[in-house]
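Construct all of the structure, not just a fragment, from the sequences and the given hints.
Protein chains in written order, with the numbering used here: chain A, 1 to 557; chain B, 1001 to 1419; chain C, 2001 to 2235.
Don't read these hints as lab results, they were simulated from the structure. Hints may be right or wrong, so weigh each one.
For the chain C half of the interface with chain A, some residues (derived, Cβ under 8 angstroms), not all of them [what the hints assert, rightly or not]:
#1 TRP2132
#2 GLY2133
#3 ASP2134
No experiment lies behind these values; they were computed from the predicted model shown. Glycine residues also receive a C-beta, built at the ideal position from the N, C-alpha and C atoms.
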Amino acid sequence: MILVKNGHVIDPVNGINEEMDLFIKNGRISSEFKINEKECEVIDAKGKLVVAGAIDIHAHIAARKINSGRAMRPEEFRRVRQKTGKFRAAVGRTLLTAPAIGYEYVKMGYTTAIEPATPSLYTLHTHEELDSIPIIDKAALPLFGNWHLVFKFIAENDIEKLASFISWVLEKMKGYGVKVVNPGGVEAWMYGSNAHSIDDLVPYYDVSVRDIITGLIKANEMLDLPHSIHIHCNNLGEPGNYETTVDTMKLANGIRNNRRQVLHVTHVQFNAFSGSGWKDMGSGTEEIIKLVNKSDNITIDMGQVIFGHATTMTADGPFQFDLHKLLKNKWINLDVELETGTGVVPLIYRPSSPVHSVMWAIALELGLLVNPDKNVISTDYPNGGPFDRYPYIMTLLLSRKYREKEMERAHKYLQRAANLPSIDIERTLEDIVKMTRSSPARILGMHNKGHLGEGADADVVVYDINPAEFNPDKYREIEKALSSALFTIKGGTVVVKNGKIAGDIWGRTMWVDATLRTTAEIIEPDLEEYFNYYTVNRENYGVEERWMRRAERIEVG
Amino acid sequence: MENVTCTFCGAVCDDLYFDGDEFRTKDFCPLGEAKFSRKKRIEYPTIDGKKVSYEEAVERAAEILHNSKRPLLFGWSSTVNEAIRLGVILAEKVRGIYDQCASVCHAPSVLAMIEEGIASGSLGQIKNRTDLAIFWGCNPVEAHPRHPTRYSVMARGLLTKGRADRKVVVVDVRKTVSALMASHFIQVKPGTDYLVFSAMRALMEGYEDAVPEEVGGVRKEKLIEFVEMIKSAKYITILFGLGIAHTRGHDRNVENVIKLVQLINRYTRCILQPMRGHFNVVGAGEVAAWECGFEWAVDFSRGYPRFAPSEFTGVEALLRKDCDAALIVASDPAAHFPRAAVEQLKRIPVIQIDPFPNMTTLLSKVVIPCAISGIEAEGTAYRMDGVPIRVKKVVESEYWSDEEILEKMLEKVLKLRED
Amino acid sequence: MLIIKPKIDFEVNVEAEITPDIATDLEYAKSFTVYYGKLEMSLAELFEVEKEGDSKVIVLEGDFSRVKWIGKGMLDGEIIVRGNAGANYGAFMKGGKIVIEGNADDWIGAEMEGGEIIVKGDAKNLIGCPYWGDLEGMKGGKIVIEGNAGNYIGEKMVSGEIEVRGKAGDFIGTEMKGGLITIHGDCGIVGGDMKAGEIRIGGIFELVPAFRETDDVFVGDVNVKGKGIVRVLTL
Ligand code: SF4
Ligand SMILES: [Zn+2]
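Now the structure itself:
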């Protein structure tokens, strides 16, 4: 039992922004008020900020992709973050080892992270890696947007079959939700091409990108999964791509869910470029921001870039190849039979680059102008940069002064190609709590997370920030405080003290079981047929719960 | 039992039948069948040849590792990921070296990947799409006997329906049995693969004037024809083996074929597939990568991982007399390492974990028999293309699994560290 | 001047990242941290350390073939190795001089930026090369091998000079971007993906088949639109 006393609690879900005590019992927040302090570990949080554990909605923390990136980039692992001792050694610059990922997250007060792109054929690997990440809770989203069986069901216009298939896959793979990456485009890549608009057709199946996206939204809503579909739009990284993003968002028109959005558009920065080429590339956020703010069924995450080293890795095979050609950097590609592609290319974001500077600004425009209830902080780790720089992003959003200082470092081209210089807004601490806690929890449908109400997971963070005396001009102090939590409590265990790892526990891997809502029989003949084309036997395809360290099944039905 | 997974070669066939009571197999190739047959086992744990309990053997092993200055933990490619993970953690905690069989096998391919990445795919991409399969410096008929039927040459896929839809080229220094499956055979002189790749790249880009009339024993016209064949194919897979990775040029050969593949992708689609040997040699690299950042040749002496393939592989550490104890798991370095390296193994205390007696058993101080992964113990293995496949427990056994042994050993080591 | 001798037959290799900076202060030198397997020890625990005069010179006496990383990143002064040397000598070196009177192991002058290394005997592989994952090899200075050398010489070299008086192995100047490599004897494969710089060879060699022959030199590698020069040395 832990008692966090006198802290300044900010919990937007429960409308709290004031000094109060928090009582933790059996790994949950308790509302008991007769507490015997002698039986508790007491944390005095007087004058400190107390919030729920943060959630990273989109970070490539596990799976074949990041691991191939590791194998390709030994130069990434010369940075020593922690020597072996009571805890594991932790190394890595932007690519981290599994132990380092868990430790670095909790040091900043993050207690949950979502691996957003697992090819089903390789998902057992994804779970093995997730199982090696200490402390945090996690989940994985299987990739659907280029799966032949999805094309087939869309071509047949059979949403019921598609829904059955989704629930079959989530159960087989112990997946949490539906990820879509460059729908149709990755399959086109198998023919050396790509999809360039939502009206492009997929070779062989003759279905359009538009049909794939709408079909998946409808199937996802038919199942009413905790999370909506989670999309990486077509044309990522191309000047002028904001139009495709807007077209994609409009596909959600008229589809509704009372609890949450029906379309989550991820790392929007990479899909919010204006211009006709690299010479006139600029920020294309305006229309996107308007559309998101006025819709009640679309949410986004930022996809901030951080100046410095990064490693791009997506299921977007054709994009990764283009990037390899553009940068002449080393390139990993993995075409996955019948399901998807994958690519990895290292990159350095330089403030001296006009394009990189504009990308940096685009994400901040989104962060400052999109309603915090519909927006989440992300770097699309490690695409935009390392997740351990989230405090930097938060501080940029909080402090105009810090932004101006950083803008001086950036290329002056951003002054005319981006809107950021004219934005005065400073986000409040409560906004930041929304963009890192309550919004991702609601978007993902994780009701025990993102807040500190009765029964919530006891994921609690104490920062050395006094909201009563908050001064955004002291950005160095703010960034430092957000980087290194005074206390992080995960599921009722103190795991960080004064920015140092203090406890090592294993978190859970959450997965969604929607099989009660569907009948597998209707897709049986299709599965039978397509498993002729797999190189793994159907009986050996998938992940059993008992192979996982701490699986948590979330049943919908 | 149906759908049994074979744990011999990197093809990791998972469509097999095995009757564990009778030790009867169906559909296995001869190599796999040999693995799934009754063989002489190490009967019980020993220290200096004397029978001891598992507990005693594990305890002594832990002491040896704990007391040495830089123990070498080597092997791993023929056990499951669960055991490998514990092996990496054990190496970290005793501040030793983690190295695995890739270092005497496909490590050059991983080094090449550090330079250039790799454009690759799962094996189903050969089966479903590949209309031109090129086997270069590998002999699947003998090394991965079911590969051609299951995945590559004859496999019936979605878009490429079978052998008739697929051209097959074999490139090698001599006409192997695999060449008999091919529609075309190209013979190169030993040790010239690097040069041939450079010439093909130049020809592909139209720099014919820079290429001599003959490269690696192949006439220029023939190379031009080959390049044209590649350019006109839709989806090419190049499969390569130790004929590239372990002959003159090593990692640079692989790097050059990777560059060739990058270039081919500017014209059409192409992937590259290393023909990995042991059933879980990919796992031995992947698990280490997520646990410590590197796939092999990792030294933990300073309390954090460092990668140095010319210093900290099993062979190099032994040749340089840079390890003072060794734990050998599922491998037989005494039979396969260079003589000078084996001499050093004889000088230092060796702990062996293996189901079967081998040359290494003879020089080991502590011998710990284990359950056979994939027959008596289950776990995850990675096929040559990295696809994870569960290997199963199909026979009951009294032997401890690698995972159990290592778990106990790690516990003991942590205890010794505390004291 | 410091004179350093191993005290014992080492059980495992020693990593001693010493530079001539320690030569002027005996106490500091003696307490300098070296790594003996997992043990962190002081230099004096493993070596006899004597001081003669105040010059910035270190003399290594006895067998140093199992002592690694000598002269890592050194800026000035001199290191003289009386016998054989271990791996990584003069890596990241910026100035000063290392003389190895015996044979050298792998990674001599890796990623070196300045200064001079002379090996009187033979040297092994990876001379002046970049460590795995790095994009640039030798950036300056000079390495002379008076005997023979192994494989991989001057990979991704940007500037500076490498000279091998004897024979060398395969892969001379792979992905070279600048600088000069001279091999007086025979060697193997030369010039793969060379972008710029010059390679001079006195003996028999195998040029990558992607170079154009001009009047007196070869220019390539065409695969990277290279302007590298490979020249045959004539006496
Ligand atoms: S090809 Fe390899 S995996 Fe398949 S049965 Fe033969 S030995 Fe076993
Ligand atoms: Zn992503």
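Numbered hints the structure breaks, given as an ascending list: none
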